[in-house]
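J.: Below, each chain spelled out in residue letters.
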Amino acid sequence: MVAARRHVEVPPPRALTLDIEQVSHRFSLHGAPLPVLDQIDLHVEPGEFVALLGPSGCGKSTLLRLVAGLDRPTQGRLLVDGREIGKPDPSRILVFQAPTLYPWRTVRQNVAVGLEARGLLPAENRRVDAALELVGLQAFAKALPHQLSGGMSQRAALARALVNDPSLLLLDEPLGQLDSLTRITMQGELVRLWQRAGFTALMVTHDVEEALLMANRVIVFSPRPARITASLTVDRPYPRHRDDPALQALRQEIFDLLGFAEA
Amino acid sequence: MSSLADASLVHRPRVRADDRTGWGAGLAGLLWLGTASLTVLWPNADDWAYTDGLAAAEGVLGGILLLGTWVPRFSARLRHLAPWLGLLAIVFAAWEVATAKLELLPRPFFAPPQAFVEVYLDDWPPLGGSVLHSLWLLTTGYLIGALGGFITGVAIGWSRVVGYWVHPVLRLVGPLPATAWLPLAFFVFPSSWSASTFLIALATGFPVTVLTWSGIAGVNSAYYDIARTLGANERFLVLKVAIPAALPHVFVGLFMGLGASFSVLVVAEMLGVKSGLGWYLQWAQGWAAYANMYAALLLMALMCSGLITLLFRIRDRALAWQKGLLRW
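Keeping their order, the protein sequence lines are chains W and P.
First residue of the first sequence: 4, per the working numbering; consecutive thereafter.
First residue of the second sequence: 351, per the working numbering; consecutive thereafter.
Because the hints were derived from the structure by calculation, they are not lab data.
The beta-carbon is built from N, C-alpha and C at its ideal position, and this holds for glycine as well.
Keep in mind that the hints are not guaranteed to be accurate.
[Unchecked claim] Stretch by stretch, here's where chain P covers chain W in the computed footprint (C-beta under 8 Å, at least three residues):
#1 95 to 104
#2 107 to 119
[Claimed, not checked] Lysine-lysine pairs mimicking BS3-like chemistry, simulated, CA-CA at most 30 Å apart:
#3 P/K590 to P/K673
#4 W/K90 to P/K590
#5 P/K673 to W/K145
#6 P/K590 to W/K145
[Claimed, not checked] The following residues of chain W were derived to be distant from chain P, with all beta-carbon distances above 12 Å:
#7 D41
#8 R80
#9 Q190
#10 A200
#11 E212
#12 N219
#13 R230
#14 L250
#15 L253
Isolated chain W, as found in the complex (with noise of 0.2 Å):
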């Protein structure tokens, strides 16, 4: 990694600016109607990491999906720099939970999927190449995903979504799956990558301390249905110490309004 920031030139895209109005969202579950979301309001500025934490099954996931536009709000408006959203569009990606990575493809065609699809290849094939240079695969460029560990996994999806020098990056839990040591570390790579391409950042977590290392806000939602019960600035240089007063102050607050007093 330390190696690849040398390299490797990430042309900074134009970050967005997310707008989310009034946004209610609602599923039928056996003909019942189920709401999940209840009226999210929030903006977020061009370049800004936001952590959206919450109890698991809120529908921070579903506010992601609306943002990514793989669905559409049952109510409210969704704005990227002022223009509704209304499909998806690779300058926002989404990069799921599980790395789904499609299994037929090596690394490397997983990597090129987007520009692939988007008629860019073999014209961008040194995009690809950047890529996996910037998460460190090159060396697995022609291995299959059932090859990988977890972790590469899921750098070789973070590397697939990168590929498209996404104006906003939507990360649904993930690093959810990985185990703690890979976590950490890859904690540190998101904020490297995301403080170099400079990009905005919308990040599902369910993990206090994840959210206050990583992120510039902290938005913290109730249970379901998903309300906005705070939003707290995480003013603190990177890299970030687990240890660091501030943080641990913050950490006791988010503790106090998820419900876990003694904590």
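Following the hints, position chain P against chain W.
T.: Below, chain P alone, put in the same frame as chain W:
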């Protein structure tokens, strides 16, 4: 047919009859030499042509096995085959004794090994022609059926409209054995060849359609979500996501279709087409030429097994990315 489908799914541990000393091949060689001398030294109960020729071939095989034990590269392969080769020598000897030597088995129905030699050497033009005819008919019908079934399956799995209109027809007509169409097909089509091609295509098409459809329907929806966020259009989703993901299912359908196409081929050739191995079988049976019948059956078994092997090879290439493939 169903056993073929199972074979492609069920993992079977590989049984390896191994002996490190290498005497197994030598023993098999000795057994074949024994069978050869038994064939040539023990007089036949009746006249059978090619007895000496058969004995010579058995002797040569035995000699090669015996000598091969000392050739390192050869003996490594032989070691694995030796138990089977040894057993075959014993089977040939017992068969020879029960038929040509003692005539323990009723005469016209059971032919001795040398009768096979006679058929293959004297009757090879019609037999070879029959194999080519069968292969041509089978290949044409199978390819049409497989391609049609695949396209239909993808269309049903992908498009709600196509599904609405095709599904009921498929449910009604698909399970009907293709051979049930035989009388109608021979009446409607201009030639028995085109009728048989149609029936083979029909028999192949149904399993391929259903399994392709189920493969497409079962694709992990996250695969689509990811492709869509990365800018994929409908065409890309079908060709580069849905079809590759469904391919393991498609191959199960192709195997089932191949099995079904074999039985339709034989029935069609027995009942209408005036060529091919099915026709030859029927013809030989009509003339009480049982040796010819067995010889044709053996050829048919080799042909079908060869085609299954070919399909396995294609699948191994196409699905090389899968873990734990069954090796045929």
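J.: Now tell me, hint by hint, if it's right for this structure.
T.: Do the hints match the structure? See the list:
Residues of the segment 95 to 104 of chain W with a Cβ under 8 Å from some Cβ of chain P number 6, which satisfies the need for three, so the listed coverage holds. Residues of the segment 107 to 119 of chain W lying with their CB closer than 8 Å to a CB of chain P number 5, which satisfies the three-residue condition for coverage. About 20 Å separates the Cα atoms of P/K590 and P/K673, which keeps this hinted pair within 30 Å; it holds. The straight-line distance between the Cα atoms of W/K90 and P/K590 is roughly 20 Å, inside the 30 Å bound, and the hint therefore holds.
A C-alpha spacing of about 16 Å is found between P/K673 and W/K145, which places the hinted pair at or below 30 Å, so the restraint holds. Pair hint P/K590 plus W/K145 holds up; C-alpha atoms about 18 Å apart against a cutoff of 30 Å. With 12 Å as the threshold on Cβ separation, the claim that W/D41 sits away from chain P holds: the shortest Cβ distance comes to roughly 24 Å. Consistency note on W/R80: stated as away from chain P, and its beta-carbon is indeed over 12 Å from all of that chain's, at 20 Å minimum.
With a minimum CB-CB distance of about 23 Å to chain P, W/Q190 clears the 12 Å threshold, and the non-interface call stands. The claim that W/A200 is not at the interface with chain P holds, since no C-beta of that chain comes within 12 Å of its own (minimum 17 Å). At roughly 27 Å, the least C-beta separation between W/E212 and chain P is larger than 12 Å, which holds for a residue marked as non-interface. Taking the minimum C-beta to C-beta distance to chain P, about 24 Å, the non-interface status of W/N219 holds against the 12 Å cut.
Under the 12 Å C-beta cut-off, the non-interface status given to W/R230 relative to chain P holds; the minimum distance is some 26 Å. Here W/L250 stays apart from chain P, with its beta-carbon at least about 32 Å from theirs, past the 12 Å limit. Non-interface status of W/L253 relative to chain P is upheld: no Cβ of that chain comes within 12 Å, the nearest being about 32 Å off.
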